[in-house]
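*Asks:* Residue strings, one per chain:
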Amino acid sequence: MTTDASTTAPPPDADADAVDRAAPPRPPVVSIAVSAVLVLLIGLGVAWLRGRDDPSAIDELGSELPVPIDAPALTLFDTDGAPIALPDLFDDHVTLVYLGYLNCPDACPITMDVLSRALATRTAETRQPVQVVFVTTDPARDAPDEIRAYLDRFDASFIGLTAASDAELAALQDALLVPGAVLEPADEDGNYLVGHATSVFVFDDGVAHQRYPFGTRQSDWERIIQEHADALGDAAR
Amino acid sequence: MTLRSRRSAHRSPVPACVALILGAAACGSGEAADIDPTAASDPVVLGVYVGATPARYDAPAYFVIDQRGGDDEIVEMSVERVGRVSLMGADAEMDVTTGEATAGDDAGTGFPLALAAGARRVFAPGGDHVMLEGLADDLAPGETLQVTFEFARHEPVVAEAEIVQLADLLEVDMFWEDGDR
Chain E
2 MTTDASTTAP
12 PPDADADAVD
22 RAAPPRPPVV
32 SIAVSAVLVL
42 LIGLGVAWLR
52 GRDDPSAIDE
62 LGSELPVPID
72 APALTLFDTD
82 GAPIALPDLF
92 DDHVTLVYLG
102 YLNCPDACPI
112 TMDVLSRALA
122 TRTAETRQPV
132 QVVFVTTDPA
142 RDAPDEIRAY
152 LDRFDASFIG
162 LTAASDAELA
172 ALQDALLVPG
182 AVLEPADEDG
192 NYLVGHATSV
202 FVFDDGVAHQ
212 RYPFGTRQSD
222 WERIIQEHAD
232 ALGDAAR
Chain U
155 MTLRSRRSAH
165 RSPVPACVAL
175 ILGAAACGSG
185 EAADIDPTAA
195 SDPVVLGVYV
205 GATPARYDAP
215 AYFVIDQRGG
225 DDEIVEMSVE
235 RVGRVSLMGA
245 DAEMDVTTGE
255 ATAGDDAGTG
265 FPLALAAGAR
275 RVFAPGGDHV
285 MLEGLADDLA
295 PGETLQVTFE
305 FARHEPVVAE
315 AEIVQLADLL
325 EVDMFWEDGD
335 R
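Protein chains in written order, with the numbering used here: chain E, 2 to 238; chain U, 155 to 335.
Hints were generated in silico from the structure; no laboratory data involved. The reader is advised that the hints may include incorrect statements.
Said to hold, decoys possible - Some chain U residues judged to face chain E by a derived CB distance under 7 Å, without partners named:
no.	residue
1	321
2	324
3	328
Stated by the list, open to error - Reference listing, derived: stretches of chain E covered by chain U, where coverage requires no fewer than 3 residues with Cβ under 8 Å from a Cβ of chain U:
no.	stretch
4	126 to 132
5	211 to 218
Said to hold, decoys possible - A few chain E residues that face chain U, going by a derived Cβ cut-off under 10 Å, partial list only:
no.	residue
6	75
7	111
8	117
9	118
We put the CB at the ideal spot given by N, CA and C, even for glycine.
Please put together the full structure from these sequences, using the hints given.
*Replies:* Given below as structure tokens:
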């Protein structure tokens, strides 16, 4: 857009000199305002471009944890029934941890789908150090084979874990500084609802610094995972 | 790694209300004080979306509805190819999602849903949502479903729901605050 009156197209029946002479002098305050707007627009554009390309902007997508969280010293069980020590599992990986349950129709499947699609954009090589761990908050209903089938719907590499007891599950939630999952009373059909945290915790080589809230989009996850993978690679060098 | 919080970077449902009280007053945005609550009901369904889901699982559905007339309430919803429809709530402020368990019956739970005069109700991912149980078959992206809203003071409204990939539900503009785009 131009704001220079001398470039305004003349009426069909007028010559250029007439237009220039006819143009009233622009009041200084208007010119200053126009200049200020242009400078502002340019500044916003530069800031947007820098923010888009600046990897540090990724950090702002998450919430910093009050303190770094080490991989909880707990042993859970995978969908084959094998014991899995979390510190060992998280070692040398970027691990995305989510607590949910299979009957959840909303946050759980959406989060799993977003993560699977974000990971699908990576090559086999860059995908390798990143793992997704789903821990059921409803172990009474979520049988290991059901968890496996549920996760396979999104990505067969996703790891499903079950705590050995309510106390172990509580210990995991305490370690992650999230409210404990709440199981509502069952109705006459035996159905019940489960309240649970919906953030994804990202552990870098066994230590989590931040969590990402529900609603983080696929494009943002692609950048988040890339940054955490880069940090993991830097630490290994 | 230096970490900071930027809440606006993720998708916060509109409104970000605590919704463990689905049957209570509307918590939508745009409530107009000059709407006569006794005026004729005039609900307008702005959009309905359903997450693509295999038949063996429960599917999520979301909608935005404006009540441009007086007070009303949704007394029931039905969705083709779905056995049971329930309205669920979430407490997003505490990073906890949970459900609303009201009088359970075959028609589903969570009804009636109050629609205050001049208010908007938003059922969005991570917030209030609709749970679809008993799917007749897989719900695939690109398909549509007929959704019928039944009201206490208005004729039923039939809307066409678009089935989308679950992750794409986070990209539906109408569910999110303007500042989040």
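*Asks:* Does each hint fit the structure? Answer for all of them.
*Replies:* Each hint, compared with the structure:
Contact between residue 321 of chain U and chain E, as hinted, is supported at the beta carbon level, the nearest pair being about 4 Å apart and thus within 7 Å. Here the hint on residue 324 of chain U is kept, as its CB sits about 5 Å from the closest CB of chain E, short of 7 Å. With 7 Å as the threshold, the beta carbon of residue 328 of chain U stays out of range of chain E, its nearest partner Cβ sitting at about 15 Å, so the hint is violated. For a cut-off of 8 Å, the count of residues in the stretch 126 to 132 of chain E with a CB near a CB of chain U stands at 0, and the three-residue condition is violated.
By the rule of at least three residues with a Cβ nearer than 8 Å to a Cβ of chain U, the coverage given for the stretch 211 to 218 of chain E holds, with 7 such residues. For the restraint placing residue 75 of chain E at the interface with chain U, the shortest Cβ-Cβ distance is roughly 21 Å, beyond the 10 Å limit, so the hint is violated. Restraint check, residue 111 of chain E versus chain U: the minimum CB separation of about 5 Å is within 10 Å; hint holds. For residue 117 of chain E, the suggested interface contact is upheld, since its CB lies about 8 Å from the closest CB of chain U, less than 10 Å.
The interface hint given for residue 118 of chain E holds, since its Cβ lies 5 Å from the closest Cβ of chain U, which is under the 10 Å cut-off.
Checked against the numbered hints given earlier, the structure breaks hints 3, 4, 6 and satisfies all the rest.
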